[in-house]
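S.K.: Given next are the chains, with one letter for each unit.
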Amino acid sequence: MVYQTNLCFNPESPTVMHIDLNSCFATVEQQANPHLRGKPVAVVAYTSPGGCILAPSVEAKRLGVGVGMRVRDGKQICPGLIILPTDPWKYRSVHLSLRRILSDYTNNLTPKSIDEFVLNLKGYPSMSKGMMGIGKEIKERIRQEVGEWITVSVGISSNYFLAKLASSLHKPDGLDEISKNNYNNIYRRLNLSDLSGIKFRNTTRLNSVGIFSVLDFYNAPLWKLKAAFKSITGYYWYLRLRGWEIDDFESVRKSYGNSYALPKALITPEELSPILTKLVEKMGFRLRQAGYRAKGVHLGVSYRDWSFWHKGVSFPRALYDSREIYKKAFRLMYMSPYKKPVRELAVSTFGLLKSKNSQLELFYNVEKNENLVEACDEINERWGNYTLTPAKMFLSDKSYVPDRIAFGGVKELEEFTITK
Amino acid sequence: MFGIMIQKINVPVSVSLSYNSKKRRVFPKWVVWNGRFYPIIKVGLHHSYKKGRVLFHVFSVASKTLFFRLILNTETLHWKLEEISDGLPD
Chain D
1 MVYQTNLCFN PESPTVMHID LNSCFATVEQ QANPHLRGKP VAVVAYTSPG GCILAPSVEA
61 KRLGVGVGMR VRDGKQICPG LIILPTDPWK YRSVHLSLRR ILSDYTNNLT PKSIDEFVLN
121 LKGYPSMSKG MMGIGKEIKE RIRQEVGEWI TVSVGISSNY FLAKLASSLH KPDGLDEISK
181 NNYNNIYRRL NLSDLSGIKF RNTTRLNSVG IFSVLDFYNA PLWKLKAAFK SITGYYWYLR
241 LRGWEIDDFE SVRKSYGNSY ALPKALITPE ELSPILTKLV EKMGFRLRQA GYRAKGVHLG
301 VSYRDWSFWH KGVSFPRALY DSREIYKKAF RLMYMSPYKK PVRELAVSTF GLLKSKNSQL
361 ELFYNVEKNE NLVEACDEIN ERWGNYTLTP AKMFLSDKSY VPDRIAFGGV KELEEFTITK
Chain F
421 MFGIMIQKIN VPVSVSLSYN SKKRRVFPKW VVWNGRFYPI IKVGLHHSYK KGRVLFHVFS
481 VASKTLFFRL ILNTETLHWK LEEISDGLPD
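Sequence lines, in order, name chains D and F. To convert, note that position 278 of the first sequence is 278 in this note's numbering; the numbers rise steadily by one, no gaps. To convert, note that position 34 of the second sequence is 454 in this note's numbering; the numbers rise steadily by one, no gaps.
Hints were generated in silico from the structure; no laboratory data involved. Careful: at least some of the hints might be erroneous.
As the list claims (entries may be wrong) - Label pairs and their computed distance ranges (CB to CB):
id	chain 1	residue 1	chain 2	residue 2	range
1	D	295	F	434	39 to 45 angstroms
2	F	432	D	122	38 to 44 angstroms
3	D	64	F	457	39 to 45 angstroms
4	D	259	F	497	34 to 40 angstroms
Said to hold, decoys possible - Listed next, the stretches of chain F that the computed footprint assigns to chain D, with coverage defined by at least 3 CB atoms under 8 angstroms from CB atoms of chain D:
id	stretch
5	437-445
6	463-473
Predicted model only: the values in this text are computed from it and were never measured. By construction, the Cβ of each residue, glycine as well, lies at the ideal position given by its N, Cα and C atoms.
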């Protein structure tokens, strides 16, 4: 690899736009219920005092309520805090509405998560309005077409990283650009930890080579960055901060998984079995709907004492039937050396194969079994999830493994289609 | 349990749905619940989801004092009131 060591800030006009829906889940709840607007609201995984706050509203954030806080702590800081459970379809619907609006400006649109989008407008006719003009228009269209309470922060720059940084400069409802003309002034105002990806450990690494500010980071020669990160990461930062693109790769799906945080402590595999069944049923259905088989099963168990055990196994034959996957996962559960109260159970399949035909076997009618699985899937698709389920699942509480939004990724959105 | 004053009810209700062809907007005009008539003054959000093959439309709407989550089952065309709240913490 050739390292360019004398690069200046990218001189091209910015064409990358990052759009971030402010306090996504809470804002959408306030849009849905006008009586909640202007009030501190927190959307939570569980409404019990130990439940985790997933999204505080702008008003709650101003009062000190943060993401990841327990409900009881949020209530202590802000006694008037309104606690709401998640409503995944509401958020998916707003995500899809935003996606529809944004796709009017470019085909080069990447949803980064349920509440983040990146657009590259290079070469598209919409560029004639100018990047700031498009940013203002998008904000207005979201207010008109999705809801007047929905605000987004828009960041514009010449690469994904700086566009995201620009979108974080003024929250909520910001519109900022980082370009060759103003990067110096913006970097001067920021701390190292304001950069996405630079937290405690990377700050320590940078401090060890005498870098204490974002401007130091920008001005550091490549050899210094290599010394700090001891890998090619140093060069990536060199390019990122100068506005050159390094993060425009698209991730591919490598696994399907489901997990569940247990509201009460269960210990033995027999006690955990109904929950494992439900997780596997949900995951297996998603796997098959996407046209995959899997050659490996992985089980992760987090315990209430915060310890963790996991194991993954690959098999010569690709798995298709949830019952087969369950048997493998259940066997894995027995391999755990611990018999402690479980906090969270996670199961996933990996080694995905996109194949319609499976290997035939001498003593087992594979085709007959797969026809049965497909027939069960069709019934569940027609009448709703879990219409047909293994009897074991009835031993579990009906509320176990509820619908959830995955954070940090939108792969799950491939699985949903909505016609409006 | 902490929470907003939300009441999950899931009962059949009478709803008047209006369609404006010029604005291409559909909106519930009023709801009758517990023998009381509530004019809808604001549609906060409209979204939909599927359960099996049945499509449900969800209207999150507000009267002057209350919030209603109204669900239209597009197979039966029947309405249900799934939730009400007053927007205050309990």
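S.K.: In ascending order, which of the hints set out earlier in this document are inconsistent with the structure?
M.R.: The structure conflicts with hints 1, 2 and 5, although it agrees with all the remaining ones.
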